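Chemist: The lines below spell out each chain.
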Amino acid sequence: MIKLTEKTIDIQKVIDTASSLGAGAVNVFVGTVRNNAHGKTVLWLEYEAYETMAVAEIRKIIDEASHRWPLLGWAVSHRIGTLRPGETSVVVAVSTPHRKDSFEACQFIIDTLKANAPIWKKEVFEDGEEWVSARPEMAMRG
Amino acid sequence: MLILFLKGDMKYTVKAFGITRDILGGREKTIEFEGQTVAELRKSLQEKYPALIGLKSLLIAVNNQYAEDTTELQEVDEIALIPPVSGG
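Going down the list, the protein sequences come from chains A and B. Under the working numbering, the first residue of the first sequence carries the number -7, and numbering increases by one thereafter. Under the working numbering, the first residue of the second sequence carries the number 99, and numbering increases by one thereafter.
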């Protein structure tokens, strides 16, 4: 399952989708919206995705993970739209026969998703907003 | 009757995401220019929208895949600007 959704992520559903009777472990990463960045209070985040390509890229990441670790099940769900501090932005779950592989595969998937998937977030502060990592100097814009 | 074939500018439709959507002023723009490669498209866009130069990176995707600078574009291609990603 690769899902992009504007609705609250059903974390249990992601876990259940990834689970397998042959697995000794299900590893789950839950990404959450922080209430602060650059020493300022974050009011909310806006997530945007190039959906067709994001699904394609995540699929490539899962394919690679499947070659490197013995995945029995997996699921990825990413929110788009407006998210407030404390909300879940992304969930990645994988199951493997033994737990070591589940930690490694889960980390690989979320790290590579963050590096490659065409998804963007904008932080909204009281005094302005900023697309995360867009500019080298990370200057604040009003 | 004389028929003249003029080598005209190519017309590409470019999707803009994230900060590039703000810079271009829209989700989709039609760009006309003479070149054909991804690198030439980027250069043409940077000339038209200089704010693009200040970005940490500007990758271009063609038909839902990251493209090389040397990739040649067709007018029917789905082209998208990919500024620095920040998903997750």
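Keep in mind the hints are simulated off the structure, nothing from the lab. Source: prediction; values computed, not measured. A couple of the hints might just be wrong.
Stated by the list, open to error - Think about it this way: if two alpha-carbon atoms lie no more than 27 Å apart in a straight line, the pair counts; the simulated DSSO-like pairs of lysine-lysine are: (1) Lys(-1)/A to Lys92/A; (2) Lys109/B to Lys(-1)/A; (3) Lys146/B to Lys32/A; (4) Lys114/A to Lys32/A; (5) Lys32/A to Lys113/B; (6) Lys146/B to Lys114/A; (7) Lys154/B to Lys141/B; (8) Lys113/B to Lys106/A; (9) Lys114/A to Lys141/B; (10) Lys106/A to Lys109/B; (11) Lys92/A to Lys52/A; (12) Lys(-5)/A to Lys114/A; (13) Lys52/A to Lys113/B; (14) Lys127/B to Lys113/B; (15) Lys32/A to Lys92/A; (16) Lys146/B to Lys(-1)/A; (17) Lys106/A to Lys(-1)/A; (18) Lys109/B to Lys(-5)/A; (19) Lys113/B to Lys141/B; (20) Lys146/B to Lys127/B; (21) Lys106/A to Lys5/A; (22) Lys109/B to Lys114/A; (23) Lys109/B to Lys146/B; (24) Lys52/A to Lys109/B.
Chemist: With a cut-off of 27 Å on the C-alpha distance, tell me whether Lys106/A and Lys(-1)/A pass.
Modeler: 20 Å, holds
Chemist: Is the straight-line distance between the alpha-carbon of Lys106/A and that of Lys109/B 27 Å or less?
Modeler: Roughly 32 Å separates the two Cα atoms, so the pair is violated.
Chemist: For a C-alpha distance cap of 27 Å, please report whether Lys146/B and Lys114/A respect it.
Modeler: 24 Å, holds
Chemist: For the pair supplied as a hint, Lys(-5)/A and Lys114/A, is the alpha-carbon distance within the 27 Å limit?
Modeler: 20 Å, holds
Chemist: Holds or violated: Lys109/B and Lys(-5)/A, Cα atoms, limit 27 Å.
Modeler: Violated: Lys109/B and Lys(-5)/A sit about 33 Å apart, past 27 Å.
Chemist: For Lys114/A and Lys32/A, compute the direct alpha-carbon distance and say whether it is at most 27 Å.
Modeler: 14 Å, holds
Chemist: Would the pair Lys127/B and Lys113/B pass a check requiring their Cα atoms to be no farther apart than 27 Å?
Modeler: 7 Å, holds
Chemist: Quickly compare the C-alpha distance for Lys106/A and Lys5/A to 27 Å and report which way the hint goes.
Modeler: 22 Å, holds
Chemist: Does Lys52/A pair with Lys109/B here, judged by a C-alpha cut-off of 27 Å?
Modeler: Outside the cut-off at roughly 31 Å; violated.
Chemist: Please work out if Lys113/B and Lys141/B have their alpha carbons no farther apart than 27 Å.
Modeler: Holds. Lys113/B to Lys141/B sits at ~16 Å (cutoff 27 Å).
Chemist: Would the hint linking Lys92/A and Lys52/A be met if the CA-CA limit is 27 Å?
Modeler: Holds, at roughly 22 Å.
Chemist: Given the hinted pair Lys154/B and Lys141/B, is their Cα-Cα distance within 27 Å?
Modeler: 15 Å, holds
Taken one by one, the earlier hints fail for this structure at numbers 1, 2, 3, 5, 10, 15, 16, 18, 22 and 24, listed in ascending order.
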